[in-house]
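K.L.:
Here is how the chains run, residue by residue.
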Amino acid sequence: MALIADTGRQGGGRASAASDPEPLLALRHISKHFRTSRQDTLALDDVTLKVRPREFICIVGPSGCGKSTLLNIAAGIDTDYQGEAVFEGAPIRGMAQQRAVVFQEPALFPWLNVRDNVEFGLKLRGVPKEQRREIVDRQLALVNLSRFDRAYIHELSGGMKQRAQLARGLAVEPHVLLMDEPFAALDAQTRDDLQLELQSVWARIGTTVLFVTHNVREAVILGDRVVVMSPSPGRIKKIIDIPLERPRTPDDHAVADLAAAVRYELQNVGAEPEPRYAI
Amino acid sequence: MALIADTGRQGGGRASAASDPEPLLALRHISKHFRTSRQDTLALDDVTLKVRPREFICIVGPSGCGKSTLLNIAAGIDTDYQGEAVFEGAPIRGMAQQRAVVFQEPALFPWLNVRDNVEFGLKLRGVPKEQRREIVDRQLALVNLSRFDRAYIHELSGGMKQRAQLARGLAVEPHVLLMDEPFAALDAQTRDDLQLELQSVWARIGTTVLFVTHNVREAVILGDRVVVMSPSPGRIKKIIDIPLERPRTPDDHAVADLAAAVRYELQNVGAEPEPRYAI
Amino acid sequence: MRSSRLIPSRETGLKLLRIVGFYVAVIALWSLLGRVEVWSPFLFPSPEKVFASLRTNFANGLILDGLQASMQRLVVGYVISFVLGMALGLLTAASKFANETIGGVVLGLQSLPSITWLPLAVLWFGLSETAIIFVVLMGSTFSIAISARAGMRGLPPLLTRAAGTLGATRWQLYRYVVLPAMVPSMVQGMKQGWSFAWRSLMAGELLFVSVGLGHLLDVGRNLNNINMVFAIMLVIIAVGVAVDRLLFGRAEAWVRERWGFAAA
Amino acid sequence: MRSSRLIPSRETGLKLLRIVGFYVAVIALWSLLGRVEVWSPFLFPSPEKVFASLRTNFANGLILDGLQASMQRLVVGYVISFVLGMALGLLTAASKFANETIGGVVLGLQSLPSITWLPLAVLWFGLSETAIIFVVLMGSTFSIAISARAGMRGLPPLLTRAAGTLGATRWQLYRYVVLPAMVPSMVQGMKQGWSFAWRSLMAGELLFVSVGLGHLLDVGRNLNNINMVFAIMLVIIAVGVAVDRLLFGRAEAWVRERWGFAAA
Amino acid sequence: GSDEAAPKGAASPDQPVTLRLGYFPNVTHAQPIVGLANGTFAQELGSNVKIETKTFNAGPSVIEAMFAGAIDASYIGPNPAITGYVQSGGKDVRIIAGATSAGALLIVKADSGITKPSDFAGKRIATPQLGNTQDVAARAWLQKNGLKDKDHGGNVDVRPIANADALALFIKGELQAAWAPEPWATRLILEGNGKVFLDERDLWPNGDFVTTHLIVSAKFLAEHPATVEKLLRAHVKTTQWINENPDQAKQVVNAGIKQVTSAPLPEAVINGAWRNQKTTYDPIASSLRKSADDAFALGYLGEKKPDLANIYALDLLNKVLKELGLKEVSK
Ligand SMILES: Nc1ncnc2c1ncn2[C@@H]1O[C@H](COP(=O)(O)OP(=O)(O)OP(=O)(O)O)[C@@H](O)[C@H]1O
Ligand SMILES: Nc1ncnc2c1ncn2[C@@H]1O[C@H](COP(=O)(O)OP(=O)(O)OP(=O)(O)O)[C@@H](O)[C@H]1O
Ligand SMILES: [Mg+2]
Ligand SMILES: [Mg+2]
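Heads up: the sequence lines are chains A, B, C, D and E, in that order. To convert, note that position 212 of the first sequence is 212 in my numbering; the numbers rise steadily by one, no gaps. To convert, note that position 104 of the second sequence is 104 in my numbering; the numbers rise steadily by one, no gaps. To convert, note that position 83 of the third sequence is 83 in my numbering; the numbers rise steadily by one, no gaps. To convert, note that position 135 of the fourth sequence is 135 in my numbering; the numbers rise steadily by one, no gaps. To convert, note that position 64 of the fifth sequence is 64 in my numbering; the numbers rise steadily by one, no gaps.
Rather than coming from a laboratory, the hints here were simulated on the basis of the structure. Keep in mind that the hints are not guaranteed to be accurate.
What the simulated footprint calls covered on chain C by chain E, stretch by stretch (three residues with Cβ under 8 Å from a Cβ of chain E suffice, anywhere in the stretch; the number is not a length) [as the list claims (entries may be wrong)]: (1) 39-48; (2) 122-128; (3) 198-212; (4) 216-225.
Backbone N, C-alpha and C fix where the C-beta goes; we use that ideal spot for every residue, glycine too.
So that you can see chain A by itself, here it is in the shape it has in the complex (with noise of 0.2 Å):
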């Protein structure tokens, strides 16, 4: 397996891996069991993961890994487990806007309209209408909406749902955006033009990302590194740097060498018989 090197990247803002600074998000020694009156699963076992702002950072793992876990914690939708996450100083105790969230199922709300959906979070913070109008506007325009402000949600392709996700949790203007498998229900094409776009649109605004797929060239293509993770129980195994320049093309064949390591990555990560089928 070869590690490509460093090869200058795009976005000089963006801390590089050396240099450490405050990270914006802390998970320290997570642990976490779920216990059922059967059995007790450890999901995570002493995972420590730190994120700089602005970084677009990818999970991959076999099904049951944690990954989604992983994610709940950062989110504050799981409060209950050992160890520490920190986000911007503070312990994470519930769910906030400043974590915004992107589910694998298109999580909108089906008796608003597009531009219904994107305005949730603001109104539920009492931004003035005016302004709200003008946030919802542009973050539609970011995700190519526009035209489909008033269309309800089961007027959409699951391609749009998605994208209307991604606008509703832009529009909060979150401080980092948690991605759990946002692409995996859809067809591939539709998946390889929301890839596209998701970079587009985090070069522009540059927020941070975690992103968790199991999809290993998606995560090739748009991650700053790739966590791999093993399971039973659920850890990291490694971190990959990925140094390609932007934006990143499924066919580039530097793509499919980087994808080939961490496919390497991944097949030694045990033996998991079932959970392969699962999506």
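Dock chains B, C, D and E with the ligands against chain A, hints included.
P.N.:
Chains B, C, D and E with the ligands only, in chain A's frame:
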């Protein structure tokens, strides 16, 4: 665009593109109108396609170019069109077991378990119980579902569902397998797995396949020939031979190059502003 | 498009013809049966007599007054039972304890026919409108509660989480997510509740002499005036169909448009 | 796993305790209210008296006989109305013409209170069990038909096509695809139909004096024996809860297991 | 063959006949309860006639059943008998005998302070049913005393309401008075602290007015006059036996009520009720006509005065009475 020359193929029994025996399935000068009170869509305009026995044909094209319409005509689901659809020398008049269909959505019967679903077509035909069991066991083994034969549909992952659909289709020993974007709703990894599996199943049992997709890479990995369609009205733009050795994997550079060639053909099929997002 | 609505198309015309034809055939058959006197004409009247009774009772205002009074009671009873039912449903869905305890009571009371409430209604509320409305209430509240509970139970946790990460407080969660998400099942519950309320009202109006369709039905029966009974039945059927088509049909269409097919 | 079913776990024990505690509290409060006589005992009997009446009427066999007679009528009426309702529902779902014509009639008849059917029941069936069962039938058939129609309407065409390409004939399609696919909505329809059937039975049993819970209720009312009225109400509630939990609860669980969550 | 040959209107007396007889499990229906229990009915009707009984809760059901051909004869109150006759256009329902007279009283609450008719102003009186005998009697009596009910522009609140509910409301104090039939009148006194303000007997000549009739369907009367005659003989004989053995009769009636409804009347109630009513075979036709006139005056019988000309068919009764050496009754 560079078409790589014929570099030897596995499975010598397959008819080559040059010699032209009696086709298994012949669609000749097919035109299809959809007439509603508001408009008249020409979904297919004088489409002619001949499928040879044991051939694997992939149809790609942007949304709305008539891929599904063509497949429905071949399946006998749609019988209202102009032109001639001939299967094994006789005109197609309705649905039949000889032409099994694998649908995009998992069209399995939720009240039956996996085994009973696969058995369904055999039962309708009155195959004796002993024999049924044997066939079903073989098919389940073929798609790696033997261990899940008693599972209910909602307990399966998306990939397992499509596997089960494939087994159900194969169980009736169809003369041709019609597949309408069978992997479109799956995540990329499962999709990769199933592509590999479909290739090996096809190589082993040597059935004829007509495979609709709008994923170019998938078409190149699977097909002997790739039919590129163009929309408004739906027409066949080009048929590209894929002379690669099997099994083919997504990270092959040759696959990437041929995919680029097919993409080039697709780029010129005309602007289609919205359907891009439709899944 | 617009023109196609104003000028009925050939298909619409044919459909109308078929429907009208069917009802004409039904009435003709009825008339024939009435004429041949297969059954006693005192119990199976001819349509002519029924329509005559309908005309008389419309002319003397009995039906209109009764309709108005009944609808008034229905609306009052229904609105109250909707609010109560929703509250009960939400409570039993939100609290495990409430579900284990009150939930069982709700289920039990739902199976009580309206007629069992009559003596208690009179005892507790005397000869008042309240007594009738109480019967309506007991007839439909629990059915609405059960629907509301099922609706809230079926709420996808995903939406709750989405709202949470967008910064919703507990109150905002109920106001902006839980309630709107329940609308489709609420519409179903309201439809069923209406059906129960309407039937309960007919029972409730037998409590004492008051203006109302249920009472008119009773008068018809006490006088053994089958023409009148049939006439009132026709009115009740008409109201039932009208409410279903106009109110719930529209609500369902709206839900389908807004929430998508899956939800309706 | 098996052992956890036989030996109740701590949680199950706690749950049981809570439920029992709740009902004990309710009865205690009821008893207190009865003792303090906030309302005249004539209006609001104490639980002791109600249970005494329950005991007496169980001991002399009245409740058991009534229960048996009522359940018999209910089952017969319900089974017939299920078959009829299903047939009507399938017919109106399958044929556009039937839906336009009979569909409207079904909707209208569904809104008729059971009491309106009493004269016709006697006319057509005399003073017989059949007459009572007819009233039950009219009360629940149309509700079942409406559910069945909705169920078949909601059938995904995909499954029909899948069966077709697997070689199903028209008959096989109905037998092996349409019917099983409808089971979840059928269970819902059956549940609602049962509720209507039960209520209609109470009306039907007033047709003439006969053994049955509805008659016992009437006796209690005529005797102004509020204890007896409450006792019979308790019996009706118990039957309602038992049927819901044992029959429909299981059916729903089975549907959930077989058809998946989405369908139930 | 012989059936068809027989002249229409009278079946041969030897032909087996089924008589379907309706009644209420009520003190005012003493003859069928007693006659069926002590065998008089079976004996008089003979082995050729099979008796099937049906018990009812309310008059309209009886008429429905008779219209539907489900019963042939029944004991019933005067009101449903009239409406049945009127609704059938005089074609069905014939009164062939009386059964009970009197047994309707105006009861007031002991503490209501009502002592004279004018005290009813502003008070609430219950009657059993809109337009029935007691309801008509109450309203007519009020008018005679210079008062009017609310429906006729007055200030007395006359409320038709089911007897059971009336008792409950009377006890609760929501009603100050009730014009009630037996056994409710007695129950109002015993259970509701009521007292008799007026016995309706005081308003009628000889204190006689009809409470219960025996009716038959016109068709049955035409086809089986012999059977009807036997029924009347049984009816008259039972009436005589009841009047000769009141204490025994009371017990048989209560046992019969218990058998049907599974709940007997308390002894005090049946004793009180018995005192206030009279068992008779006389239909007291004049009282029916007077009651109908009052009802018409109050607007309960439609716009055209009903013609009750053929409602009575008393020839067979008079034949039986004559045979038994009793005084004949008049229409
Ligand atoms: N609510 C729960 N109760 C019990 N066990 C759980 C629960 N949620 C997750 N687990 C277990 O914890 C482990 C990690 O689960 P997690 O969902 O984080 O995996 P993942 O990496 O997100 O997998 P996938 O790729 O399938 O989404 C798994 O073994 C899973 O079975
Ligand atoms: N039932 C229908 N009524 C009217 N128009 C239809 C109908 N079905 C398809 N069409 C039209 O026919 C054309 C071809 O449709 P078809 O479904 O075959 O496209 P497709 O290539 O399968 O697209 P996709 O990739 O989105 O599945 C489209 O323009 C579509 O709008
Ligand atoms: Mg996950
Ligand atoms: Mg398609």
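K.L.:
A separate judgement is required for each hint: does it hold in the structure or not?
P.N.:
Results for each hint:
Restraint check on the stretch 39-48 of chain C versus chain E: 4 residues with Cβ-Cβ distances below 8 Å, three needed, restraint holds. By the rule of at least three residues with a Cβ nearer than 8 Å to a Cβ of chain E, the coverage given for the stretch 122-128 of chain C holds, with 4 such residues. Coverage of the stretch 198-212 of chain C by chain E holds. Counting CB-CB distances below 8 Å, 3 residues qualify, and the rule asks for three or more. Only residues whose beta carbon comes within less than 8 Å of a beta carbon in chain E count, and the stretch 216-225 of chain C has 6; three or more means the coverage holds.
When each numbered hint is compared with the structure, no violation occurs for any of them.
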